[in-house]
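Generate the whole structure from the sequences, applying the supplied hints.
Protein sequence lines correspond, in order, to chains B and D.
Position in the first sequence (first residue = 1) + 4 = my numbering.
Position in the second sequence (first residue = 1) + 4 = my numbering.
Just so you know, these hints were derived from the structure itself, not from any lab.
All values reported here derive from a predicted model rather than from experimental measurement.
Be aware that a few hints might be false.
If several chains are the same, the list does not tell them apart, and a pair holds so long as it fits within one copy or across any two.
[Said to hold, decoys possible] No farther apart than 20 Å at their CA atoms in a straight line, the calculated lysine to aspartate or glutamate pairs in the DMTMM-like style are these: (1) 157 with 125; (2) 157 with 218; (3) 157 with 243; (4) 260 with 204; (5) 260 with 243; (6) 26 with 77; (7) 114 with 209; (8) 21 with 77.
Protein chains: 2
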Amino acid sequence: MEKLTSIHNQHVKNWKKLQTKKYRRQTGTYLLDGWHLVNEAIQGGIHILQLVGTEEQLTAHPDLREDADDVYEVTEEVMQHITDTVTPQGIVAVVPLPNSHEVPDMDTLKGGWLFLDRVQDPGNVGTMIRTADAAGFTGVVVSQRSADIYSPKVVRSMQGSQFHVRLYEGDLSKWVNDFKQINAPVYGTQLNPQAKSFRDVNPGETFALIMGNEGQGMSEQLLKQTTDNLYIPMQGRAESLNVAVSAGILMFQLNKNL
Amino acid sequence: MEKLTSIHNQHVKNWKKLQTKKYRRQTGTYLLDGWHLVNEAIQGGIHILQLVGTEEQLTAHPDLREDADDVYEVTEEVMQHITDTVTPQGIVAVVPLPNSHEVPDMDTLKGGWLFLDRVQDPGNVGTMIRTADAAGFTGVVVSQRSADIYSPKVVRSMQGSQFHVRLYEGDLSKWVNDFKQINAPVYGTQLNPQAKSFRDVNPGETFALIMGNEGQGMSEQLLKQTTDNLYIPMQGRAESLNVAVSAGILMFQLNKNL
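Pasting the structure below:
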């Protein structure tokens with residue numbers, strides 16, 4: 005086991021660079037920060053390429069070393085440098101970046117799906133993926149120009165839900181067409197004269213819900229493709245709901261038949 | 005109209021100090037940052053003590069000056085110093101801090117109420133107040149050791165809902181007792197053997213919902229006082245939902261009779 009004490013060490017520099025999307029793509033890896041995520045990965049049978057811990061954490065959990073290809077001990081200063089958290093727990097793991105660009109077999113789409121159309125806040129993206137998991141959804145598809153699903157902030161907000169739901173990145177317009185081909189409804193979310201109250205729809209076993217950009221909502225093109233558009237009746241004078249709160253309200257209404 | 009160009013000016017120092025709870029209490033004022041909040045305050049008939057803007061913003065909206073006791077023009081550097089936002093819009097207003105410690109007349113409690121028990125993240129507190137507004141709730145009561153409801157981050161997340169719902173700070177245990185005296189149910193949120201699915205309760209016109217601390221949940225004492233405890237059935241493997249998402253799901257279920 006190597007001990008690394010300098011932030012100028014090449015390994016340390018590389019772990020730091022995993023905060024960028026470019027380097028995650030180049031290396032096909034991303035970083036899990038903290039015990040909850042590392043344990044979720046081990047329980048999920050995820051291959052751990054590198055395990056990095058402080059002396060305190062590695063000493064307290066000697067068994068962990070068997071779960072990783074390589075183990076590195078670092079100082080707390082180095083750990084602080086690698087992660088973007090204020091008080092790191094002292095354990096991180098480098099794991100393979102899943103291939104989220106493949107196009108799944110249409111026979112495997114059964115269940116609820118969440119489509120995110122250019123949702124930009126990483127906390128919102130992560131929280132919605134976590135909520136989709138809790139609502140028993142099958143998967144989440146994220147459009148281009150959304151927050152990157154394996155960025156540190158999204159990973160922190162997902163809290164391990166990437167190991168429970170299927171995650172894809174892709175062209176939502178194509179996904180909507182695929183759903184329509186198998187007669188699965190796709191619900192948009194935009195208030196317009198034809199929109200239905202979210203309480204008045206009763207989807208079957210396979211459907212998709214689209215949530216749009218925080219400021220601009222869904223794209224016009226996607227709106228035209230949807231089966232129905234849903235709205236949440238607002239009784240107060242608030243003009244809108246936070247997108248992650250809206251998604252939670254809608255998913256826990258639509259999941260009744262899952 | 006005074007023009008202020010230095011961050012060492014006493015007015016500027018005082019506005020900056022409004023980021024602290026202590027100074028907000030001492031002066032009985034707080035800060036609204038940005039056009040949306042300033043406009044909401046004006047429409048709501050809120051007395052504007054001081055209006056502070058950049059030259060660009062004050063020139064573009066000359067009518068605004070009539071709505072404020074005092075108007076100050078500041079440089080963009082000064083504006084950046086006063087607010088804690090990354091890209092301020094160039095307009096802030098100092099307004100009176102409402103008295104949130106009074107005990108309301110029990111005859112005026114009709115409607116849905118949200119009680120926040122030591123919720124610490126300002127974004128969560130603000131988002132839940134905004135959601136309560138959208139759900140048509142009457143008011144929100146925040147316990148001690150919660151995020152301060154007039155802190156910049158809570159004010160930003162509330163998006164003006166403090167002008168639409170009644171906001172109180174107080175001892176939740178006393179509030180729960182008051183609700184029980186008028187036979188209004190108080191719902192806790194904690195998974196225990198007696199908890200009910202949130203879909204199985206049907207409150208009347210007056211009720212309260214308690215949301216607890218992000219990590220620890222509700223206090224034991226409050227749990228003992230509740231009429232029922234609710235849970236959201238999780239179908240996936242996520243262990244919990246974000247507290248603001250949970251609150252949204254629950255409020256938009258409980259508000260059906262409001």
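Right, here's what the structure says about each hint:
1. 157 with 125: Both: 9 Å inside a chain and 16 Å across chains, each within 20 Å.
2. 157 with 218: The answer is both: 17 Å in one copy and 18 Å across copies each meet 20 Å.
3. 157 with 243: Cα proximity of residue 157 and residue 243: across copies only (19 Å, versus 27 Å in one copy).
4. 260 with 204: So residue 260 and residue 204 pass the 20 Å test inside a copy (13 Å) and across (13 Å) alike.
5. 260 with 243: between (27 Å within a copy, 19 Å between copies)
6. 26 with 77: neither (26 Å within a copy, 44 Å between copies)
7. 114 with 209: within (7 Å within a copy, 40 Å between copies)
8. 21 with 77: within (18 Å within a copy, 43 Å between copies)
Checked against the numbered hints given earlier, this structure breaks only hint 6.
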